[in-house]
Amino acid sequence: MMYKIARENLSALFRKIAEQQELYLPVRRAGQVNFGVWSEEAVVDLDTLKSVKSPKDVFFPQSENLYTVQKEGRKLNVCPQDLQEKDFVVFGMRSCDVQGLCVLDRVFLSEPVDTYYAARREHGAIVALACHEPEESCFCKVFGIDCANPGALPETAEGTGAENKKGGADVAAWLIGEELYWKAQTEKGEKLTEALKGILTDTGETEEQQKLAGEKVAREQAAIRAIVEQLPYSHLSLDGWNGAALNEKFNSPLWEELYKPCLACGTCTFVCPTCQCYDIKDYDTGHGVQRYRCWDSCMYSDFTMMAHGNNRTSQMQRFRQRFMHKLVYFPANNDGMYSCVGCGRCVEKCPASLNIVKVIKKFQEEKQKAQAAEMAGGDQL
Amino acid sequence: MPMKDEFKPKIVAFCCNWCSYAGADLAGSSRLTYPADVKIIRVPCSCRVNPMFILRAFEKGADGVILCGCHPGDCHYSTGNYYARRRMTLLFSMLDYLGVENGRTRVEWVSAAEGVKFSQTMNEFVEKIHSLGKNVRLEDLRCRKE
Amino acid sequence: MQEGMKNGCAGAPAVLLERISTLLAEGTVARVLGWKAGDMAYNPEPAYFETQEALKDFVYDGFCGANLSKYMIEASKLEGKTLVCLKPCDTYSFNQLLKEHRVDREKAYIIGVGCGGKLDVEQIRRKGIKGIQSIDGAQLVWEESDPGTELKGIGDDVLTIRTIYGEKTLPYGEALLERCHVCKGKEHRVYDELIGQSRDTKDADRFAQVERIEAMSPEEKFAFFQQELSKCIRCNACRNVCPACSCRKCVFDSNKFDSSQKANADSFEEKMFHIIRAFHVAGRCTDCGECSRVCPQGIPLHLFNRKFIKDINELYGTYQAGENAEDKMPLTSFDFGDAEPGIVGERG
Amino acid sequence: MQRIGVFVCHCGSNIAATVDVKKVVEMAALEPGVVHAEDYQYMCSEAGQSLIAKAIQEKQLTGLVVCSCSPRMHETTFRKAAERAGLNPYMVEIANIREHCSWIHKDMEEATRKAVILARAAIAKVNLNTPLQPGESRVTKRALVIGGGIAGIQTALDIADAGYEVDIVEKTPSIGGRMSQLDKTFPTLDCSACILTPKMVEAAAHERIRIYTYSEVEKVSGFVGDFTVDIRKKARSVDMDKCTGCGVCQEKCPSKKTPSEFNRGLNNRSAIYTPFAQAIPNVPVIDREHCIKFQTGKCGVCAKVCQAGAIDYEQKDEIVTEKYGAIVVATGFDTIKLDQYDEYAYSQSKDVITSLELERIMNAAGPTKGHLERLSDGKPPKEMVFIQCVGSRCADERGKSYCSKICCMYTAKHAMLIRDKYPDVNVTVFYIDVRTPGKNFDEFYRRAVEQYGVNYIKGQVGKVIPQPDGKLLVQGVDLLDNRRIMKEADMVVLATAIEPNPDVRKIATMLTASIDTNNFLTEAHAKLRPVESPTAGIFLSGVCQGPKDIPETVAQAGAAAVKAIGLLAKEKLTTNPCTAKSDELLCNGCSVCANVCPYGAITYEERQVNDHGIREVRRLAVVNSALCQGCGACTVACPSGAMDLQGFSNRQIIAEVDAICR
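Chains as they are written, first to last, in numbering that gives the first Met the number 0: chain A, 0 to 380; chain B, 0 to 145; chain C, 0 to 347; chain D, 0 to 661.
Please note that the accuracy of each hint is not assured.
Unchecked claim - Think about it this way: if two alpha-carbon atoms lie no more than 20 Å apart in a straight line, the pair counts; the simulated PhoX-like pairs of lysine-lysine are:
#	chain 1	residue 1	chain 2	residue 2
1	B	Lys116	D	Lys183
2	C	Lys220	B	Lys133
3	B	Lys7	D	Lys105
4	D	Lys183	D	Lys486
5	A	Lys248	A	Lys360
6	B	Lys144	B	Lys7
7	C	Lys80	A	Lys259
8	A	Lys360	C	Lys80
9	D	Lys183	A	Lys74
10	A	Lys248	A	Lys366
In case anyone wonders, no lab produced these hints; they're calculated from the structure.
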């Protein structure tokens with residue numbers, strides 16, 4: 000059953016949602032759009048395609064407390080951190096970001112389950128928004144993600160069973176012209192829709208009306224897909240990138256060249272919707288110690304630093320690690336699921352204009368060269 | 000001098016070993032009182048005080064930080080306080096720029112002979128901090144006691 | 000170069016490319032440090048070129064904003080000379096690194112490349128332009144005349160941007176990086192030879208933004224920086240790109256002050272990070288603007304450095320870091336008559 | 000993890016009266032790393048120290064915190080105690096709960112709370128302390144004495160007699176200083192020259208004393224035991240070796256219009272001159288500013304008349320560089336300028352003079368050959384008025400807050416001598432108080448009043464008004480019978496305040512010796528170390544440290560000598576191990592640290608390092624721990640935090656900050 004709401008009523012909708020539960024959505028702050036909590040003052044921005052940071056930190060915060068140790072004289076009391084108990088809504092996630100969550104689920108929901116993350120996933124309802132105007136840095140299509148059909152599951156992830164259900168969005172939405180179309184996809188979604196009926200106007204009881212609405216959405220989807228076809232990266236070939244390619248890729252001399260401009264900053268990892276590495280640190284508050292975790296980056300010199308030093312001593316190794324993980328290690332361990340969703344944030348944000356696309360292309364290029372050379376060699380025989 | 004309000008400020012005073020720490024000792028042996036809120040950290044020279052120490056103090060909830068050293072020209076190491084002077088001027092200016100009340104930081108040159116000046120300075124400073132109230136702008140919320 | 004053109008890249012001025020390949024061919028230099036055509040109109044990347052063949056990807060156009068001087072730290076460790084292309088403002092950074100013994104002048108062959116102001120794709124996006132396919136007007140047209148001469152025309156040049164959503168145009172000047180609006184001038188402060196013409200693109204007062212903040216009330220100041228800094232994701236891009244932040248290991252990475260290089264639960268540590276970073280580069284920062292250019296959250300980080308620069312100029316006499324490699328730095332020198340820290344309060 | 004022992008001192012009631020010592024012990028015991036905590040009446044006592052020793056052995060302590068008086072008082076005591084018990088002395092930290100707590104706070108609860116926090120900070124620091132080993136540095140067995148007055152001469156003689164080489168550097172052409180300008184000395188009234196000259200001769204003749212007159216200290220580097228000093232020997236224009244001191248040159252010199260410094264400008268001297276007859280060395284100098292030869296190129300009389308051919312117009316300033324183990328400052332004093340005190344008409348009338356000028360007038364070798372006469376008309380005075388405390392004990396900015404100490408006595412001396420030699424002259428003295436402590440001092444003063452009938456009036460003079468007839472109208476008050484006094488005088492003598500020699504500032508800066516608000520050099524401790532500067536290896540002799548009379552000066556000169564001898568007698572000095580140290584893996588080799596080091600203790604070297612497997616040659620900072628004095632300037636200048644200060648490391652100080660703020 001499809002619902003809709005006029006653009007100008009969206010704030011009413013948000014207010015309504017916020018009455019019962021916390022609402023996260025794209026908010027413009029000091030010139031940048033990131034997911035934040037809705038408030039009357041918040042400047043909601045649904046037209047900017049990509050938030051700077053992916054919405055992953057709604058579920059996997061950049062920094063979160065794990066537990067606190069209180070000191071009483073010489074006695075130490077461990078006070079666990081409360082888990083997420085209240086329901087909340089994330090509005091305006093894009094298909095790629097939703098798929099990003101599937102990747103995080105693979106990591107955090109498989110045994111041993113990360114209870115902090117699991118609690119948030121359980122209580123969070125996702126309203127995914129179709130990408131009205133995709134941009135040149137997007138390449139979600141490469142990973143079988145359909146940004147016109149928000150929150151639907153990519154074909155590539157088919158056959159990987161039930162847990163994928165978790166991956167989908169609870170509500171799919173399309174912002175077409177002055178109207179937002181709303182379609183629940185899961186029970187959670189139905190429940191949310193139920194609660195909002197007063198504001199969401201149904202698109203009509205009759206099949207005819209439903210059909211019209213469906214067509215309108217279908218037209219929008221067609222338009223979006225048409226644009227996606229034109230995007231420069233949409234036809235990127237992942238040929239040769241899979242779990243099996245481990246040694247060949249790992250030992251490739253190309254890395255030496257590719258990593259050179261890398262500044263070893265964490266931008267790519269921190270804007271990425273699928274990077275899931277974190278560090279656990281202690282903070283002495285003077286009256287106790289807070290053990291917290293915060294995002295870490297495999298690009299950092301002290302990533303996985305151990306007493307004897309670091310297992311990756313050069314930036315080349317750190318650089319290689321990130322792409323090997325996204326394109327080889329992860330699919331190898333997750334039924335072929337890549338841990339890149341083609342959101343293109345790293346493409347836009349890398350200070351040295353490096354990115355995963357350039358890496359994929361470079362390897363492709365070399366492969367073609369090699370083949371060409373082989374051909375030539377063959378002729379001589 | 001007892002303060003009216005209940006607010007007990009945390010105040011860190013960095014004192015150079017040769018002049019100001021001795022000045023504080025003189026204040027002590029002369030029984031020149033100043034509020035107990037002031038806690039002195041002894042450093043060899045005012046030029047040993049890293050801006051990070053001062054920011055650290057504020058992060059951990061200090062309400063005021065004061066740096067005392069030998070008078071310019073009298074530095075035991077001859078030039079240390081000149082460097083300290085530039086560093087602190089720039090640091091204080093930056094804090095002011097960030098919207099931190101500039102009365103929370105202070106530099107005072109106190110010689111070993113100036114016990115009186117030391118206690119006066121501390122009394123003034125504590126009063127100033129009382130007028131500014133709690134440091135909320137630079138404190139790390141995790142350090143706040145509920 | 001053709002390769003570059005295909006992807007809508009501007010390529011490089013013939014004069015420059017020819018000279019570079021000659022120097023590489025005759026072995027004067029072992030490698031070239033420049034920019035490599037990206038796969039978009041606007042994303043060339045810093046790159047080393049060691050062969051003639053590799054040079055086909057060499058590009059120098061309006062989007063080559065990256066300051067290559069910091070790469071010379073590593074390049075100085077390599078065998079043989081490295082040819083590096085430095086824009087006028089990049090040479091200040093190189094001088095500063097030279098002063099701090101972080102680069103080896105003998106290992107560098109500096110070509111001072113002309114600069115007419117560098118472009119910032121974020122500025123273009125901010126104009127609501129998306130789906131960029133190609134950009135015209137970013138390439139550099141240099142007549143074969145002497146390098147010193149003023150670069151004509153570019154100011155009125157217009158960028159023609161082809162996007163999926165239609166063709167847009169934008170005056171070159173409106174797409175410049177912030178730093179170009181406060182350009183330090185078109186002189187190269189250190190070089191072996193100059194190629195191409197430059198243009199002073201200064202059209203704003205370098206300290207205007209700082210003064211605007213200084214004029215605010217403490218509450219406004221605090222609110223302003225709170226807003227900006229709360230966006231910080233502590234990715235360290237500002238630090239890692241900064242030519243003054245050339246420490247082998249940053250204090251925020253070592254346990255010397257038990258301060259953390261990573262994201263933290265409270266915004267103060269972000270503030271702490273930025274204050275300390277600015278303080279560490281005070282008197283050494285050339286105001287090259289790279290920090291603001293690379294910040295993924297668009298935080299105007301130059302506001303910190305410029306505040307220090309402004310204070311230093313006002314209190315200790317005008318000083319431009321990197322103007323040469325000799326001057327004593329403001330924080331490692333002093334004057335008997337220096338202002339007392341109390342002046343901060345007095346200035347109000 | 001450290002095993003820390005905390006020892007809280009009662010200091011009798013000094014601490015215990017305002018700080019709940021037991022509470023401090025109890026709270027300290029809860030701190031991380033603390034395995035032992037106790038209190039005691041006097042920790043610094045033998046018994047207290049053995050308590051500490053006992054605990055160190057029984058509890059295998061690795062660190063100590065003593066909550067007691069200022070570390071500047073007993074840090075060394077407790078470090079030594081720890082060392083005797085086999086613990087590295089630098090594992091000891093002091094929490095100053097006396098000067099910084101019990102003595103300044105009244106409220107027990109408050110003071111106790113603070114004491115606990117101070118203890119915590121010290122504990123937090125000790126947790127990060129590391130054992131430090133002091134280095135050694137050699138001692139140059141030669142002393143430098145700056146100033147050739149009685150103080151300098153006495154110090155030099157004592158050091159030389161003890162068997163060590165000494166150099167005296169004197170700014171003027173002769174040693175002798177102020178004392179040589181005096182006529183008689185109190186309280187014995189023996190002639191100054193008679194007792195000073197032998198000492199001057201002795202010094203000049205001493206095999207281990209070298210005298211640089213007409214010379215100044217130009218530059219001082221190095222540190223205790225190993226100073227390097229540049230001495231500028233100003234061009235004398237006379238060859239010391241050739242000159243026989245016959246004095247013909249001075250007679251023949253046509254330029255005789257220069258006011259004599261020695262006679263306080265009361266008469267003139269020639270351009271080539273020795274300041275006074277008994278000058279040592281008895282070799283004249285040419286004052287080039289006033290020499291016709293140097294000003295116009297013509298003249299050259301002295302060269303012509305000199306049999307010895309000692310005159311050398313070509314002579315240049317010469318810089319001698321010498322090494323010294325100890326430096327004694329004996330720069331003495333001068334009288335203050337009187338331009339702030341015009342009410343006494345000093346600038347208006349020649350007959351208003353300072354006491355030092357009177358000394359010269361009374362002196363047989365002085366401008367008046369010892370006859371007491373008015374400088375205006377040469378007439379003998381009938382009425383003389385002495386005004387005390389001119390610029391001394393002064394409330395306002397014009398003068399000095401302190402008592403110049405010698406004036407009361409020399410005024411009594413002057414009055415007595417005048418009444419003795421010229422019984423018909425009436426002498427009146429205006430005073431605030433008469434201060435005559437000291438052996439036979441008060442008796443001396445009473446003789447002036449009782450035997451010699453000197454008229455002492457308690458009260459200050461408001462104004463001295465020169466009259467048309469040349470007399471001086473003195474307006475004052477008598478505070479005892481509370482009446483205004485108008486007195487006609489022929490001469491007025493001002494007991495002018497004394498102040499440290501103006502050059503002392505420059506010298507103190509060179510020596511990095513601290514100086515007080517009145518420009519007197521500060522002593523390391525007002526009572527316990529009165530002749531040492533806080534700066535190691537620098538000693539204080541005479542008035543440069545504070546107003547003194549001759550016997551006190553000589554006594555202190557001896558004391559300073561003994562301290563210097565004590566240092567020179569040492570073969571080696573152990574250097575302070577709290578020096579800067581650079582972490583080679585963090586060092587950028589950027590030279591910023593070297594730029595701020597006042598001792599030139601930091602140099603650079605190219606060395607191979609192994610940075611977690613990465614081997615490369617790097618430019619690295621190296622600290623010379625013998626030169627480093629541990630100020631820490633470099634540690635803050637260093638951007639990467641590679642440079643750190645042992646004993647005051649970044650993490651130690653941060654730990655203290657955290658402990659105080661929590």
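Hint-by-hint comparison with the structure:
1. B/Lys116 with D/Lys183: The given pair, whose Cα atoms are some 42 Å apart, is violated under the 20 Å limit.
2. C/Lys220 with B/Lys133: Between C/Lys220 and B/Lys133 the Cα gap is close to 18 Å, so the pair holds against 20 Å.
3. B/Lys7 with D/Lys105: holds, 16 Å
4. D/Lys183 with D/Lys486: Answer violated: D/Lys183 to D/Lys486 is near 28 Å, above 20 Å.
5. A/Lys248 with A/Lys360: holds, 13 Å
6. B/Lys144 with B/Lys7: Between B/Lys144 and B/Lys7 the Cα gap is close to 14 Å, so the pair holds against 20 Å.
7. C/Lys80 with A/Lys259: holds, 17 Å
8. A/Lys360 with C/Lys80: Roughly 31 Å separates the two Cα atoms, so the pair is violated.
9. D/Lys183 with A/Lys74: Given that 20 Å is the threshold and the Cα spacing comes to 79 Å, the pair is violated.
10. A/Lys248 with A/Lys366: holds, 11 Å
Of the hints listed earlier, those the structure fails to meet are numbers 1, 4, 8 and 9, in rising order.
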